[in-house]
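Kindly generate the complete structure, drawing on both the sequences and the hints.
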Amino acid sequence: MGAEPQGRTLGQTHATGYDDATRERLAADAAAIIARYPEPRSALLPLLHLLQAEDGYVSPRGIAFAAELLGQTTAEVSAVATFYTQYKRHPNGTYTVGVCTTALCAIMGGDAIWEELVEHLGIGNDETTDDGVITLEHVECNAACDYAPVVMVNWEFFDNQTPASAVALTDDLRAGKPVRPTRGADTVVTFKEMSRVLAGFPDGRADEGDTAGPATLVGLKVAHEHGWAAAPYGDEKEAK
Amino acid sequence: MTVTTPRSGAATPLVPAAPPATEPEPTATVTFSIDGIETTVPKGTLVIRAAEQLGIQIPRFCDHPLLAPAGACRQCLVEVWAPRGDQLAKFPKPQASCTLEATPGMVVKTQRTSPEADKAQHGIIEFLLINHPLDCPVCDKGGECPLQNQAMSNGRATSRFVDAKRTYAKPINISTQILLDRERCILCQRCTRFQDEIAGDQFIDLQKRGWQQQIGRFDTGILGIRGELPVGESSMDASGQPFASYFSGNTVQICPVGALTSAAYRFRSRPFDLVSTPSIAEHDSQGSAIRIDHRRGVVLRRLSDNDPAVNAEFVTDKDRFAFPWQAGKDRLTAPQVREDGVLHATSLTEAIDAAAAGLAAALAKGGAAVLPGGRLPLEDAYAYAKFARVALRTNDVDHRARPHSAEEAAFLAHHVAGRTLDVTFADLDVAPAVLFVGLEPEEEGGILFLRLRQGLRRTKGQVFTVAPFASRGVARLDGTLLSAAPGTEAEVLDGIAEGADGPLGAAAAGLAKPGAVVLVGERAATVPGALSAALRLATRTGARLAWVPRRAGERGAVEAGTLPGLLPGGRPVADTAARVDMAAAWGVESLPSEPGRDLTAILQAAADGQIAALVVGGLEVADLPDPELARRALDRAFVVSLEVLPSEVTQRADVVLPVAPPVEKPGTFVTWEGRPRPFPQVLVSTALTDARMLDALADALGTPLGLRSLAQVHDELDQLGGWDGARAEAPDEAAAEPPAVDETQAVLATWHLLLDAGRLQGGEPFLAGTAKRSAARLSAATAAALCVADDEHVTVSTDAGAVTLPVLVTDMPDRVVWVPTNAADCAVRETLRADAGDVVRLARADEASALDEKEVTA
Amino acid sequence: MTTTLTPVLSASWDADHSWSLSSYQRTGGYRGLRKALSMAPADIIAMVKDSGLRGRGGAGFPAGMKWSFLPAPDGGPRYLVINADESEPGTCKDIPLIMANPHSLLEGIAITSFAIGCHHAFIYIRGEVLHATRRLQHAVAEAYDAGLLGTNVLGTGFDLDVTVHAGAGAYICGEETALLDSLEGLRGQPRLKPPFPAVAGLYARPTVVNNVETIASVPGILRGGAAWFAAMGTERSQGHGLFSLSGHVERPGQYEAPLGITLRELLEMAGGVRQGHQLKFWTPGGSSTPIFTAEHLDVPLDYESVGKAGSMLGTRALQIFDETVSVVRAVTRWLEFYKHESCGKCTPCREGTYWLVAVLKRLEAGEGRPGDLEVLADSTDNILGRAFCPLGDAACSPVQSGLQYFREEFEAGMHTPADVLFPPEKSSLFAYTPRSRAQLAGVH
Ligand SMILES: Cc1cc2nc3c(=O)[nH]c(=O)nc-3n(C[C@H](O)[C@H](O)[C@H](O)COP(=O)(O)O)c2cc1C
Ligand code: SF4
Ligand code: FES
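As they're listed, the protein sequences go chains A, B and C. Residues in the first sequence are numbered consecutively from -1, following the numbering used here. Residues in the second sequence are numbered consecutively from 27, following the numbering used here. Residues in the third sequence are numbered consecutively from 12, following the numbering used here.
These are calculated hints, taken from the structure and not from any lab test. Be careful, since some hints might not be right.
[Stated by the list, open to error] Beyond 10 Å from chain C on every Cβ pair, some chain A residues (computed): (1) 18; (2) 22; (3) 190; (4) 230.
[Unchecked claim] Each computed DSS-like pair below joins lysine-lysine, with the alpha-carbon atoms no more than 30 Å apart: (5) 145/B <-> 798/B; (6) 204/C <-> 116/B; (7) 319/C <-> 119/B; (8) 69/B <-> 116/B.
Where is the CB? At the ideal position from N, CA and C, for every residue including glycine.
So, in structure tokens, the structure goes:
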């Protein structure tokens, strides 16, 4: 993780290309992706996730590979790759630590967390710590406003953060200790492992973690407390 | 357009003008009003177009009539009302008139009558200018810039924007020819939409997003993508950059600001200093309408003109940029005569006299022959045809300065000559199926490719090609490959039959549809039996058959009669009546009746001393089927060379007569369709046309041609008309057995790429950089057998020589190797003295493999 | 009369392993599908129309009506695409729904697909929610295994494939036509309309695009009937909806209630505004909807009432800000969001947001220049209704409504920095000492 492809091994047509075995493996995964869609072109986004799972970012060789596979020009592929913020243009750290700084999270304390992490890690936006573990990112609203302020680690939720909790989180990550999202799998997987899931290859961790966080259930709890409910469907008998 | 004003009583001209295109009657119309003016337009008309027709100019940037509506720049906003019930209801928002179809009863108010539209447009201009550098004084577009004009007419006097503008490094090369100044770009996407929709060649696209969005190719440095790009499957141009499109120059022309400029024209001129003349491009048989801009006698740029019947508003980069040859520093200016083995400049009179003397002597010694070359306008070609028959009394004349065959001559006489406008671009627009034989439409007929692509996209027509592999061009036409190793094309054509399996059957079904077309290229001549098989196929399926040569002069030359078996207007030499007819028209007693020799036979005879003199027009020795034979012939015979630039022919000539390039003379090119494309003289010049020179030479020989002026030539052409007698027989040649190859050999496949080492592309290094990088294409199995991978090198050789090129593994028949015919680093005829269908040796290049090992161990 | 909560979608979220098929089926899951498969497709569409279900993705377009816009079948494919891109600032309902009960969505997909004649549905989920993606992938696999998806669904001969497609970070991909381009592997930029997706959507085929919550509400309608659903809510805004409270509120979270509930009622259930503070401003439906103030506490949160009061119901994303918050700071940050997320296609949005941010940042820093407020007003005027898609309009909402209600705070930006007037540490949910910009390394 962290290094861009270098050197040349046998079976490669170019110093930065994939070797035959890798190419074959990628091609098989790519074929599985393409099979999900009526038209191959739709495979591009998952394919770019897949290439991030391989290289830790969307590398030039990945772009050339995708272009060839889908019959596009490299310009067309980079047009897509550079449109979306999740596609990284340089090797990503093992963990993307994203601090939500859109208005609500920022005001609830996201700005403070951001300031703290910038100082603690000594890096800025889209920069990676020297040990290659953490890439720090400003992220936009991540659909968790009821848990503000929110930090995402490899796109797992770390809700209701404080500067201190965020610092502890990054320290644990850098120390190689497993960290547990507030709503997510039991541990945070690596950037490459995550990218593979986003490419549509499940990692079998769906059953890990809680159903929902407290904020998700708060309304339900109030309803229970008051004995409020929607009218019954009236189909219970019918179905039996 | 006609060649000339026909005189009363004249027969049909030799090459009749195309009838004007008829617009189909619209099936339904819509009546609505713009700025209070009621107008009726065909249903589906966009408001912005309807306004144009009324003379109301709505400002716009992203709109382009030949591109799909985008609605991206938002400059063309207008106020719109539409009937609802019996009242008019206002659209809550101003509407983009470039995407809005007129509907009955609609009321449109443009900036002229609506304060709302006017404010909206002012707002957009202000937004566009906040990030636009005000560098108009140093911008190529200054003076002809829609943004500049609209900022003047619709903009604010001063900017309210006081913050930091986005700045980018000044122009970046997106190819050696095309420069991009991102600061000036207003992101209208005309360039990328052109490349996508028209050229199908997205070498540039939008990159990044939002305020950082920019036009660009895949450039890791600019996009900030770390790491090196692998080569191999990604195509690159000669300059080593990702391949730039053959049509890229159009993006410069349609860019509404000065964001895209060409290296060739950058900082060269201001538009108001230029004199523009409409003309016709000289590089291919497409007859593209162009505009030539010159300043004080120097051509500074060429643009595409707008001719819906031919090239619409687009041209190839070759037609746009390859013009410096006409004004090359080495241009021949003075006539020269060889004395004591050395060429000396002399006067025209002396040179003509020397030429006449030499020719007269040769006529006494075995005769003289004429090789006009394939690039001449109709008028000049006609003069060569007449000169051969009247002044030299021979049918030894052949303009085909390329591989040719007797079968081809028969095909041209039978099927092509005299049939002008039989198949046209317009037919291709609606063709349900098109088959290419020996023709790469993108490489050998750029406009043909663009037109087909547009037509096929509309009609969902099919493309088939008989070729060793599906080129990128064919792939962009969604073409189906009918795979044929070189030499087997005739067999494959015969295999296209109803009920055949796979693509052959599909092709048969497609070609049976009304309107289907078979297009054969000039390369079909290199395959014995191919043209015969194409004729059979056309008869069998009912498809129409047309011949698409590469060079601008080929089609006109067939009509002009510069073939050994053909007199002007398709009159067969072998036909007595035709000869009598022509003799009468030319005012001579009779015409030579023995059939003439073709180019190869002429050169052979000259090399053997049987023909004593050659009159040679503009041709390159290296283009000929056997350059060595040509050199021997030129060395031995008395040679009169009519040329624009020094060449191997002028080097060997006894008399050199400098003639005018197209820009310095009027004339007529004839497209592959047989459409006359007259062009005027652009620059003042003292240079003479070939016709005028031949006329003087004939006078000196005592056999006047009467072709002193263009008017005289046109009069004759109009008087002559075409031949209505019997046509020559169709050729019926059998296919040849494909050669056997062993494991050290391969069959050669080759064709010309659009941009290559051609003589007329000289002097334009920026253009040359955008040529495709040369490569040897092999099948995976052939590559594996040689132990080579993409980008490693192979050597293709014959006893005559060898070329070494990087490999491009391609889906194609085994033991076939394709190389470009005439690239800077791969001159097939010159180096290998071989052509398509010949057997060559093929091996892994030693040097390349040595290099490789070093890399691997390093 | 006070409104009470009506948990329908959220009713089972507290069950053990509520995301699993077995858990869902224990509470009657897929009963709606069984019922639907026994009905004529046209009757399902009619039922959904009668229920009054309106799109829950923001615009509130009647769902049944949208489905009925599909042209008559021509033998070619028709598609259902689920919009799970949830990226509107403040909106946080679809992702928890997917985490807790993805099967309610899948059941809705199966019913809707059957109703509109679709055999391949797609779920476009934003790429930045890993665990929700896992749960969705898992649920799809479970449903295939149980014969609820795939060929011959529940033995009825109906075939349906469902593909989960992760986006890659772009708010604009929530806009339905940009979503379709993105799903086709392109840059997510909006398409020209017409043609509308119903006529030429995914792969230029007839396509229905609906929000997660919209489709997840369909099984309930099948089970309870149109009248059951319509009994909730107001006359023209019917049914239940998730109201997401966030910000300076004691108990932020998801409150599922009939449309037409008021913020006052919701706040009461949520324990009120942060202890010791008062409501200053709020968004009724995400950052794209003009802000409200305390004077709007009793506006019924239905499409009509919110519209009449000058905003939009949007996605019922109620972001609550108390008196410690600088409106200029909030608006600036929202505009930075729109600038970051503008797709770049059209001039007013791309250039306008760039300009607005420049002006707002000056004001936030207390360095405003004379004329800045006029520029803000006039520029938004020149963006609003001029942009290619509603994102441009959305970007104007915070600025225009901010100026409308809190003009004096913008005026103060001529001389006083926002963080002087409203120290950020007073707004944060924990105590801290803000650093000055200069102290931060590598901030862009
Ligand atoms: C900029 C923009 C972002 C949007 N984001 C979302 C989104 O994240 N989720 C969503 O369901 N709808 C979103 N929409 C609305 C969709 O375009 C569309 O109206 C909706 O998905 C239709 O579903 P519905 O009718 O079920 O609400 C967005 C619209 C715009 C203009
Ligand atoms: S308003 Fe224009 S630039 Fe903004 S997101 Fe929509 S199309 Fe893109
Ligand atoms: S010309 Fe109409 S939007 Fe650009």
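Are all C-beta atoms of chain C more than 10 Å from that of residue 22/A? holds (23 Å)
Exercise. Just checking, residue 18/A versus chain C, shortest CB gap more than 10 Å?
Worked result: holds (26 Å)
Check the hint pairing residue 319/C with residue 119/B against an upper bound of 30 Å on the C-alpha distance. Satisfied, since the Cα-Cα distance of roughly 19 Å is no more than 30 Å.
Pair hint outcome, residue 145/B versus residue 798/B [Cα-Cα no greater than 30 Å]:
Violated, because 49 Å separates the two Cα atoms, which is more than 30 Å.
Residue 69/B and residue 116/B were given as a pair; does the straight-line alpha-carbon distance stay at or below 30 Å?
holds (21 Å)
Taking the shortest Cβ-to-Cβ distance between residue 230/A and chain C, state whether it exceeds 10 Å. Non-interface label fails for residue 230/A: nearest chain C Cβ at 8 Å, not farther than 10 Å.
| Distance restraint between residue 204/C and residue 116/B, which requires alpha-carbon spacing of 30 Å or less | Measuring from Cα to Cα gives roughly 19 Å; hence the hint holds.
**OP:** May I ask you to check that residue 190/A keeps its beta-carbon over 10 Å from the closest beta-carbon of chain C?
**Re:** Non-interface label stands for residue 190/A: nearest chain C Cβ at 13 Å, farther than 10 Å.
Consistency with the previously given hints fails for numbers 4, 5, ordered from lowest to highest.
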